[in-house]
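Protein chains in written order, with this note's numbering: chain A, 1447 to 1720; chain B, 317 to 470.
It is possible that some hints are incorrect.
[Said to hold, decoys possible] Stretch by stretch, here's where chain B covers chain A in the computed footprint (C-beta under 8 Å, at least three residues): (1) 1636-1643; (2) 1654-1662; (3) 1679-1692.
Simulated from the structure, these hints should not be mistaken for laboratory data. Remember, predicted model here, so these are calculated numbers, not experimental data. All residues carry an ideal CB built from backbone N, CA and C; glycine is no exception.
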Amino acid sequence: MNVNAHEHWAMTGEVEIAVQVLLLLAALGYSITARRLRRSGQGWAGWQDVSFWWGIGLLAYANLPATMAWAHRDIEGHMVQHLLVGMYAPIFLVLGAPVLLLLKAMPVRRARVLVRLLSVPFIRWLSHPIVAMTLNIGGMFVLYLTPLFARTMANPLAHGLVHLHFLLAGFLFTWAIVGREPLPHRPSVQTRAFVLFLSAAAHAFLGKYLYAQGLPSHTAFSDEALRAAAKTMYYWGDLSELILALILFATAPAVRRGQRPSTPFSISRRKNVS
Amino acid sequence: MKSSASVSASLASRAVRSGALLGIGAVAAVDEIIFHQLLAWHHFYDGSTGTIGILTDGLLHAGELIALALGSVGLWRLRDAGSLSKRHAWSGFFLGAGGFQLFDGLIVHKVLKFHQIRYVDNLLPYDLAWNGAALCLLWVGLYLTKPLTPRNPA
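Could you put the whole structure together from the sequences, leaning on the hints where they help?
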């Protein structure tokens, strides 16, 4: 790492403050909407607020200047940051069901527009568990197995973009696996469990492969530091996938084979046409 | 009469299956925590297996994870419905644990040769203890499947 890069690093303070403000606004927006929903007589369980705030809190922690500096100095710090942004924060955010909250709080006509927007082919394709998994895990393979990682250590913009990718892809994947929004065409629990299985296997493979090969390459980190980071990725990533599996199975409606699970208010366009 | 008997039989088999999944996950977790982390007898990665080895290992590991979650939720649901037979659940747990331990001891260690229990000259005592423990667990599981008291006509 040269001195120039460090100076660059210190100058991103405004961006960090902007991120914290955005996070706070998102959490406040969520709580205000939830309160309006409760006052209007429609229920919105309080634990969902708590979950969403936890998710925002983890993101805020991951974006603190101290955490940023740790991630820059020590690859273990980078892994912790990655786990928080890409795996743990999304679990809490998705459990808070922000899209469901929005759907419930909107007038019915607008909610229908939003559902229609969420079921356009591109979004449906993007939020299919297989695609979401590829974006999420595939991004990690690209980052850690190519010189890209070394470049993000020297370039704050690239580093920020990578973390934005982790957040979006992590949220997308978590949402595709355990999201509670009543969307038409949500794949079956079996499909989602199978994709989660593949994702856990890919993650475990990547962790061990990094450990065995002493990757990512072209960095100034010692072999020991790289191995410690790979272990952190393996075990903590594992725990997050176990949590996802527990949520998936615990929230799956108990249906017998051949029956389609019913959602609270499934909005199907075809049925409405008749 | 007949239908209620078949209902309780299906509940019992659900308890056994959920318990077995939990047993598999528990043994796998114990292996990872005690032998990999605490004793460090065999390693997280032994270097002797290639990329395919790590890949297979990952698949096996992901399977354990899913088994652990499915088993926990299955038992939790039975308990929630007030129809959990603890004896059957424990029986399944020991059968699953013993079965997986035996699979690990024979297939993973000896056939696939991913890793050995410990890297010493005389491996035999370790293999005997490992697979003997598996047989003990299986035996406990089988013992628990036997009804406690001889069935008396009502």
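Here's how the hints hold up against the structure:
no.	hint	in the structure
1	1636-1643	holds (count 3)
2	1654-1662	holds (count 4)
3	1679-1692	holds (count 6)
The structure meets every hint from the earlier list without exception.
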